[in-house]
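**Q** Sequence:
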Amino acid sequence: MDSAGLFVFGLVAAVFLLLVFIYDHCRSSELDTIPAIGPSGAVSSWLGVVRFIKDAPAMVQEGYQKHKGGMFRVPLIDKWVVVLTGPRLIEELRKVPEDDLSFDHAMRDLLQVKYTFGIDAQEYPYHIQVTRNHLSRNLQVLFPDVYDEINNVFRTIIPLDQDGWTKVRIYPEIMKAMCRVSNRIFVGLPLCRSPEFEALQQQFALQVVMRATLVNCFPKFAHPIIGRLLTNTPSSIRRCMALLEPIVQERLQALDQFRDEWNAQPNDMISWLIDVSDNEHRNLRSICLRILVLNFAALHTSAQSLTHALLNLATYPQYCTPLREEASAVINRDGWTKTAMTKLVKMDSFLKESQRFNSTTLFPMMRKAMRQFVFSDGTVIPSGTHVVVASLPMHLDEEYFESASEFQPFRFSQRCEDDGKDPQILLASTSASYIPFGYGHHACPGRFFASSVMKAMMAYLVLNYDIKLEKEGERPPDEWVMMNCSPNRKAEVMFRRRRST
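Letter by letter, the sequence shown follows residues 754 to 1254 of my numbering.
FYI, nobody ran anything at the bench for these hints, they're computed from the structure.
Take these hints with a grain of salt, some might be off.
[Claimed, not checked] Computed beta-carbon distance windows for the label pairs:
1. D857 x N1020: 28 to 38 Å
2. T909 x A795: 50 to 60 Å
3. R1251 x Q1161: 17 to 27 Å
4. S1158 x A1007: 55 to 65 Å
5. E845 x P999: 49 to 59 Å
6. E845 x V803: 28 to 38 Å
7. L982 x Q1002: 24 to 34 Å
8. Q818 x A1007: 57 to 67 Å
9. P1230 x P788: 27 to 37 Å
10. D857 x P792: 49 to 59 Å
11. I806 x E845: 21 to 31 Å
[Claimed, not checked] As a list, the in silico DSS-like pairs of lysine-lysine whose alpha-carbon atoms are at most 25 Å apart:
12. K920 x K1243
13. K929 x K1243
14. K1243 x K1099
15. K1224 x K920
16. K1221 x K929
17. K807 x K920
18. K1221 x K1243
19. K832 x K819
20. K973 x K867
21. K832 x K867
22. K819 x K1224
23. K821 x K832
24. K1243 x K1224
25. K807 x K821
Predicted model only: the values in this text are computed from it and were never measured.
Built from N, CA and C at the ideal position, the CB exists for glycine as well.
Generate coordinates for the entire structure from the input sequences, incorporating the hints supplied.
**A** Next up, the structure:
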């Protein structure tokens, strides 16, 4: 085909896609009773799409201020989403059965699971059971391994034998550290330190988000074509299988030969997955797919949250001293243990305040209507509609957090001192007014592991280094892509070895 033919073909395809998108947006008439932010016409709503792409936080903030306690809708590229506001509706959403408003189907659409993970990982999610049960139950005994890996990886990133200040591009290095520490528990030594394994896990986690976003830019009829063109899942699984095959096959053979002594196997994620899987999924490919999925879940949110916290600490370095004093007292008494992490009250508060102040997403709770659903206020949600919750406007609302626009690192630990021990103030806790980890049955199952690891990393860093920004007090701006927020990927933090350690 010559260049003129290609131009005509491209023009026809573009017009066809535009007509399909207009048709999809015309279907929003079923949502006419729900107020829209921006234009709501079939064509004019595209102005709203452009605005959402450019500045989603401001658009959602506008909707929150106009319709607080109620709901509104915003246009995404491929659909309208209904946004709930306030604890009352969040509590109501929490109680709605999965058959009516589905978390699983919302995730399938958001992450385009069919083309990024494969439906098998969601239809047979035995890795979630392992995360909720085995990981939480074994973290105490495995915590020495967690600390050993933290010590090893940060000595690599910021050598302790260096004098003077060292400049570190913080987000990619925290991603590296989180990958190494998580995989110390997932696959163990020496594989967790393999550059090839580390690169595979980080690349896969990033590509899931990128490919899902790209697929969602096209109408639904094109998803099978675009999804299969973009997917890298088969090649990622093959690479993971090549790296994990000796370990997994050895465990499977041991299970067959020494069933009575299976409990003597290494205490890690691979063994736990083998332990809970059925015969159909007790194989190399299935285990490798779950390791990839678990890395995706563990890396992005935890690395972003910890990076936000370190940028905040570098912006306000005066808080290093109280955090250091607390960490020193607790660890001198209890050692590097999971129990010690539960006693780092100020550290916990600092991380929780960072999550409140610097979000990783506008919509941490998302559901898809599997059939028409009616909220208690009479609002009708048509089948197929996505329902989300606006978190950042609520987290910055004076009604729920005093001086909400100020970063107050010990906001929650002060409440602990004033009101006594209240589990709701802890980093891993959730409530109807604090939802970085979600809320209810579908709250992040790995949040207890993540909170312990983040506190251990922060404690290690404040005990061993002074921390600051090169330009004092000038925190690099966060990076927003529609509803998702990342700490600035080019941001650098200065570290200097503490001579007293």
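**Q** Hint by hint, note whether the structure agrees.
**A** Against the structure, the hints:
| no. | hint | verdict |
| --- | --- | --- |
| 1 | D857 x N1020: 28 to 38 Å | 30 Å, holds |
| 2 | T909 x A795: 50 to 60 Å | 55 Å, holds |
| 3 | R1251 x Q1161: 17 to 27 Å | 26 Å, holds |
| 4 | S1158 x A1007: 55 to 65 Å | 57 Å, holds |
| 5 | E845 x P999: 49 to 59 Å | 50 Å, holds |
| 6 | E845 x V803: 28 to 38 Å | 32 Å, holds |
| 7 | L982 x Q1002: 24 to 34 Å | 33 Å, holds |
| 8 | Q818 x A1007: 57 to 67 Å | 60 Å, holds |
| 9 | P1230 x P788: 27 to 37 Å | 30 Å, holds |
| 10 | D857 x P792: 49 to 59 Å | 33 Å, violated |
| 11 | I806 x E845: 21 to 31 Å | 30 Å, holds |
| 12 | K920 x K1243 | 12 Å, holds |
| 13 | K929 x K1243 | 15 Å, holds |
| 14 | K1243 x K1099 | 28 Å, violated |
| 15 | K1224 x K920 | 12 Å, holds |
| 16 | K1221 x K929 | 21 Å, holds |
| 17 | K807 x K920 | 31 Å, violated |
| 18 | K1221 x K1243 | 15 Å, holds |
| 19 | K832 x K819 | 22 Å, holds |
| 20 | K973 x K867 | 13 Å, holds |
| 21 | K832 x K867 | 19 Å, holds |
| 22 | K819 x K1224 | 38 Å, violated |
| 23 | K821 x K832 | 22 Å, holds |
| 24 | K1243 x K1224 | 14 Å, holds |
| 25 | K807 x K821 | 23 Å, holds |
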